[in-house]
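Chains as they are written, first to last, in the numbering used here: chain R, 1 to 276; chain G, 1 to 276.
It should be emphasised that the hints constitute simulated quantities derived from the structure, not laboratory data.
It cannot be assumed that every hint is accurate.
[To be verified] Some chain G residues close to chain R (C-beta under 10 Å, calculated; not the full set):
no.	residue
1	Gly117
2	Pro187
3	Ala190
4	Val217
Where a beta carbon is used, it is the ideal one built from N, C-alpha and C, also for glycine.
2 protein chains.
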Amino acid sequence: MTAPAVPGLSINFATVRQIGSFGAIVDACLNHGITAISPWREHIHETGLAEAARIVAANGLRVTGVCRGGFFPAADAAGRQAAIDDNRRAIDEAAALKADCLVMVVGGLPKGSKDIGAARAMVADGLAAILPHARAAGVPIAIEPLHPFYAADRACVNLLGQALDLCDALGDGIGVAIDVYHVWWDPDLAAQITRAGKGGRILAHHICDWLVPTLHVLNDRGMMGDGVIDLKGFRAMIEAAGFHGPQEVEIFSENWGGRPGDEVLRTCVERYRTVC
Amino acid sequence: MTAPAVPGLSINFATVRQIGSFGAIVDACLNHGITAISPWREHIHETGLAEAARIVAANGLRVTGVCRGGFFPAADAAGRQAAIDDNRRAIDEAAALKADCLVMVVGGLPKGSKDIGAARAMVADGLAAILPHARAAGVPIAIEPLHPFYAADRACVNLLGQALDLCDALGDGIGVAIDVYHVWWDPDLAAQITRAGKGGRILAHHICDWLVPTLHVLNDRGMMGDGVIDLKGFRAMIEAAGFHGPQEVEIFSENWGGRPGDEVLRTCVERYRTVC
Chain R
1 MTAPAVPGLS INFATVRQIG SFGAIVDACL NHGITAISPW REHIHETGLA EAARIVAANG
61 LRVTGVCRGG FFPAADAAGR QAAIDDNRRA IDEAAALKAD CLVMVVGGLP KGSKDIGAAR
121 AMVADGLAAI LPHARAAGVP IAIEPLHPFY AADRACVNLL GQALDLCDAL GDGIGVAIDV
181 YHVWWDPDLA AQITRAGKGG RILAHHICDW LVPTLHVLND RGMMGDGVID LKGFRAMIEA
241 AGFHGPQEVE IFSENWGGRP GDEVLRTCVE RYRTVC
Chain G
1 MTAPAVPGLS INFATVRQIG SFGAIVDACL NHGITAISPW REHIHETGLA EAARIVAANG
61 LRVTGVCRGG FFPAADAAGR QAAIDDNRRA IDEAAALKAD CLVMVVGGLP KGSKDIGAAR
121 AMVADGLAAI LPHARAAGVP IAIEPLHPFY AADRACVNLL GQALDLCDAL GDGIGVAIDV
181 YHVWWDPDLA AQITRAGKGG RILAHHICDW LVPTLHVLND RGMMGDGVID LKGFRAMIEA
241 AGFHGPQEVE IFSENWGGRP GDEVLRTCVE RYRTVC
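In isolation and in its complexed conformation, chain R is listed as follows:
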């Protein structure tokens, strides 16, 4: 009773965390015809890297990204080095899964700091430090610019153009994960997507929707079609820029997290077919 294949749709494990283990989420996705996934490192660690890699290979899955590396800024050098070391391990995990990219949530201000410029410099330094390892492992690094709401505590890279400036400074092997939730409002969005495409920098396209009103700061992302983002128009820009990889659904939501995983996946497929 496997559903018809849905090529072009990927499911980020955060969207159906309630289903459980790496293997259980994969099985549920396959039942809905979904053969592209994006796991978090906690799912990989819980199942074990070798077993996760076996599941991916045995089912011919495409891994559109591993979530996540980053969190480079720290109050002292030891903290920054620990972040770099952990990012190198994340690269090895992404390589084992033959992932399209390792997604970077770069980190915000170190505790007690009010210097976002310094935090941004730490991010650039951290990315530069891990990039040789990523290139050697064949894992593209995808900077995900996060909505400015998260500048202080999650990611001080907040604009697509800012992320592309970093890529330009760092060279090959690095690009961007473009999540509609974070960048849909940017007045420079069209120009920066075009720029990203010209540089071959688009590594992932994440989808969900922006609800009005948004009730919670962290966990009130919308299902595609329930909010105000012009998803078809967005995808047209992404494809015109040369990216034709899967659209990856990443929804952090108390609402959807409280529903059965099969209902969430069924809705993702339906909305992907109609509004994305």
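Use these hints to put chain G onto chain R, whose structure you have.
Using the frame of chain R, we list chain G on its own:
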């Protein structure tokens, strides 16, 4: 028992809404040595424009802004015209109070729309429509770029540079209100403040702080010093750009709104003197 004067500090009425009427808030401010204010139109309407103007003149108050005009986008032409008409009345009210500016929260997406580009065009058209009246009345129009979090439902002008592009297109009589809360994270902040100063576009400087974590979407702004914004560094940029007007405290907060107005004002003065 009037406190020593605190030149350079202005209080936006939203910060001490719990005190009550226009006159009551003014009396409380004067008791704390504060002689610059920024009322909302609801306070003006409740007291009556003539009485509000009398209170301002009798006490030699500086009105650093009237909050607020804007909300131009609407689903139909009648709605857009109604907004323009209301903005003209707001200009007349700001003129009667000899305000430094009328602050614009420009509005978000019309109901049912997913076209933020169209909303932005409606904002530009609305501002162009009211600007002749503002110039004739001698009331500078201050576009307040709002944090991207509010792009959908409050203001689709979300970057200082975007607001300045609008000013450049519209000509004289219009500038920006720069609120640290909305723009502190912008990687292009320093350059855009310099640009704003060169064009003589800085009309107001609003202060508060960004809390980590931020618990509520709308009403969890911080008191100066309680968050992560480098307020002294921000003010240095503003003054280097040529603006030396008062710093206006605008704090929407369930926490501070639940405390006695005198405690809030005393804290504003203390923090203004130490961290701003």
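The hints, checked one at a time:
1. Gly117: holds (9 Å)
2. Pro187: Holds, about 5 Å.
3. Ala190: With a closest approach of 9 Å, the Ala190(G) hint holds.
4. Val217: Result: holds, 6 Å to nearest chain R Cβ.
The structure agrees with every numbered hint stated previously.
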